[in-house]
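Participant: Spelled out, the chains give:
2 protein chains.
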Amino acid sequence: MLSFTLTHRSGQARAGRITTSRGEIETPVFMPVGTLATVKAMIPPELEELGSSIILGNTYHLHLRPGEGLIRRLGGLHRFMNWPRPILTDSGGFQVFSLSHMMKLTEEGVAFNSFVDGSPRLLSPESAMAIQQALGSDIMMCLDELAPLPATRDRVAESVARTTRWAERCKQAHLQALDRAGASPHIAGSLPADAIPPESLLAQSLFAIVQGGSEPDLRAESAGQLIHLGFDGYALGGLAVGEPPEEMHATVQAAAGLLPDNQPRYLMGVGEPLDILTAVEAGMDMFDCVIPTRKARHGNLYTSRGMLSLRQGRYREDPRPIDPDCGCMVCQNYSRAYLRHLNFCREITGVRLLTHHNLYFYLNMMKQVRGAIREGKFAEFKKDFLAKYSQGQTEVSK
Amino acid sequence: MLSFTLTHRSGQARAGRITTSRGEIETPVFMPVGTLATVKAMIPPELEELGSSIILGNTYHLHLRPGEGLIRRLGGLHRFMNWPRPILTDSGGFQVFSLSHMMKLTEEGVAFNSFVDGSPRLLSPESAMAIQQALGSDIMMCLDELAPLPATRDRVAESVARTTRWAERCKQAHLQALDRAGASPHIAGSLPADAIPPESLLAQSLFAIVQGGSEPDLRAESAGQLIHLGFDGYALGGLAVGEPPEEMHATVQAAAGLLPDNQPRYLMGVGEPLDILTAVEAGMDMFDCVIPTRKARHGNLYTSRGMLSLRQGRYREDPRPIDPDCGCMVCQNYSRAYLRHLNFCREITGVRLLTHHNLYFYLNMMKQVRGAIREGKFAEFKKDFLAKYSQGQTEVSK
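Chains as they are written, first to last, in the working numbering: chain A, 1 to 398; chain B, 1 to 398.
Just so you know, the hints here were simulated from the structure itself, not pulled from any lab data. There could be a bad hint or two in this list.
Same chains, same names: a pair is fine if it fits in one copy or spans any two.
What the hints assert, rightly or not - SDA-like mimics (lysine to any residue), calculated; alpha carbons at most 20 Å apart, straight line:
#1 367 to 26
#2 40 to 347
#3 367 to 326
#4 40 to 346
#5 295 to 392
#6 383 to 9
#7 367 to 304
#8 40 to 345
Whole structure, please, built from the sequences with the hints as guidance.
Facilitator: Listed below in structure tokens is the structure:
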């Protein structure tokens, strides 16, 4: 199980260290998303070189392809994809609620059909735990319920209550697995060859997810109930699902302080640099988002002066790097003109290089964030960062 | 201009060294194909790590996208793609003849329409040279004519004659450029900023292409005429265009000996390991082919025991590397099951890893080829290599 140490504060912003059996994670941390047992276009040594200390895997996607049974028999997700550092897996709930057309919700769980072969599946608190146990992730997430949007206050309250009941069932399933794992060294000889190694199960932590939409009192109710049950960390879910950024920022601002000070706080699926810096300021520690990798594939690049879209004709013969102030391998070696050409021709090498750059930007931003908090200057850093970030691309001639 | 030193012989097979201003190339050599200023899915440091001493660029594709003018203004192809080692560019003729639907051949050249924007283009001996000079490749190829297949003997004879006339025009255009480059240091101050650097032009070599189909006497006629004109190296063209492998092997066997002993001999667009080993045995030195990179993208992998298709269901849970006898980064770190999953899900990371493996296989095979020739044991090496290669995948249970 993980341990968390808070080392510095700067206002509400916190810097700390999560210790797991697979290594340490300095917080605040950004987790690149490795949906299908790979961060798209990257390989593990490159992610390590970029300074990524933890990545995220998607339970829903891995359950459907290649299936958690196969991954377990191949030694678990870390060995399968050859990533030695920590992995956090989500519960699969968000994907079922947002991607499935034929989804049916009951107290038992969510029934849906596999988009791969049409077969019926049930994602329940117990199966979400079983899948994540088979994957062998370091941090598992409870199955939560996301009310279909737009939702009435009553419907949001209902999802808060169900999320708590499901979190309780997740915790039970987790504790039972820990019990079995704790007992199993004694019966190791009788374990089937493809069983989950007990040491892997014993290393797993479980986070709960606070729901409640944009209603402060429902967020407080959700957080209170989950904290009462007790988990290794807490996440804010159901955000960045279409609400205006200001509303999201206000919810995070209000909800962060509801979470225990001495445990990791994770803001799920968020977001743009402004969203992350605002959430760090509110006291959040962990972040994940597909946008840096997804935007890279479309030629949209993060720079210290804001977004740069390589599709624009003005970069056709531009010999400059994506961001003259960036220290990444791509900016050291390739011009906008070359990268635009690769993107225009849909060359895989282009996706690879642009993904590298965007992940460097995010991971480097988080490194600067941690440095600023340690120096007690986070507010100043945020102001300077955003002032430069909002400048836009300079129009200096080549 | 390049120089070539023959260092060892083993039967007709030769080992040697091509020296260029951008580094040495040990022969026999395989040149990965970098069609659009990138070897698909690879980046230059990875190619260097794989031991690639020279790559190929496609004049036709680069002329259409992004255009040789842009590449020249960005500092030439090497700088554009950040590849410091030698580059060979083809003439573009093969692509125009094989890819263009609205192609019109005259003595002047080949008129065709750009598939990108429909604009009319003319590929002539002079424009083929001008494009390759703008790209700044280390080895340029003469524009040759490939008779539409199937071709009568008369039609092949016609293409031989035109290929000679075009080669003469290519040589003239090359010599004129060298003259201008030789003179230009004196007038450097008056050169436009985007001119081709004289030192780059002076470093370029020019190879001619022997045509003649499968007719031994026409091949001899073509080779004789081109050698009489005099070039820095000679290639066999118009092979592996649909004829049976035995016919191709016989043509190479007969034609290799027609080429000067003290100059590089290049077999264009070939091929499978058997084709390459057979051509090395006949005395050929240089090879290029898209198949290792193209097959990788479709999950077809080269191994010491022949091809392995990852699409096959039997590899679904196979924990073994692609080739247990392979020393590449992919075989050291990833299972067939994982790579099959990535290929099945069309993950870019899969293309990247499988391309790496197939290029390692080819480049490592050539390294072994050179070692065997140096030891005077090429025939023995070839026999052993092909005996193992024809075994097929072993069916040993996991």
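Participant: The structure should be examined with respect to each hint, and the outcome stated for every one.
Facilitator: Taking the hints in turn, this is what the structure says about them:
no.	hint	verdict
1	367 to 26	within (9 Å within a copy, 45 Å between copies)
2	40 to 347	both (14 Å within a copy, 7 Å between copies)
3	367 to 326	within (14 Å within a copy, 38 Å between copies)
4	40 to 346	both (15 Å within a copy, 10 Å between copies)
5	295 to 392	within (17 Å within a copy, 43 Å between copies)
6	383 to 9	within (17 Å within a copy, 70 Å between copies)
7	367 to 304	within (14 Å within a copy, 45 Å between copies)
8	40 to 345	both (19 Å within a copy, 11 Å between copies)
Violated hints: none; the structure is consistent with every hint.
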